[in-house]
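Each residue of the sequence shown is one higher than the one before, counting from 15 in our numbering.
Simulated from the structure, these hints should not be mistaken for laboratory data.
The reader is advised that the hints may include incorrect statements.
Unchecked claim - Simulated restraints on C-beta separations:
#: 1; residue 1: P20; residue 2: K41; range: 17 to 25 Å
#: 2; residue 1: G103; residue 2: K41; range: 43 to 51 Å
#: 3; residue 1: V104; residue 2: L82; range: 14 to 22 Å
Beta carbons are placed, not taken as given, at the ideal position from N, Cα and C, and that holds for glycine.
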Amino acid sequence: AVEGPPPAAVAKALSAAGLGGARRGGKAERLVAPLLEQAAEYAERHTLERAQHSVLTGLGLPLHELPLLTGGMDLAGVHELSALLREQGVGAGA
Numbered sequence: 015a016v017e018g019p020p021p022a023a024v025a026k027a028l029s030a031a032g033l034g035g036a037r038r039g040g041k042a043e044r045l046v047a048p049l050l051e052q053a054a055e056y057a058e059r060h061t062l063e064r065a066q067h068s069v070l071t072g073l074g075l076p077l078h079e080l081p082l083l084t085g086g087m088d089l090a091g092v093h094e095l096s097a098l099l100r101e102q103g104v105g106a107g108a
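Working from the sequences, and respecting the hints, build out all of it.
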């Protein structure tokens, strides 16, 4: 596991950025644990995704990647993803 910054340093940085106030026990200190937990979960997921990407690449089959649509899926999103797939050669000659 990768060691991150000490929680007190994160709280100080949040306070310096204007998030949560500077007093001890303020919102900044309460934000630290959930933020560090979320960061650790993201790092674990990213490591897993990269490992699986390597496995899939090693199969020698076509691999297509699409972005996460942060606004949720709607008809415009379907069109956006289908355009990206066409750019990657999916459906060409079909």
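Status of the hints after comparison with the structure:
| no. | hint | verdict |
| --- | --- | --- |
| 1 | P20 - K41: 17 to 25 Å | holds (18 Å) |
| 2 | G103 - K41: 43 to 51 Å | holds (49 Å) |
| 3 | V104 - L82: 14 to 22 Å | holds (18 Å) |
Going down the numbered hints, you'll see the structure goes against none, and every one checks out.
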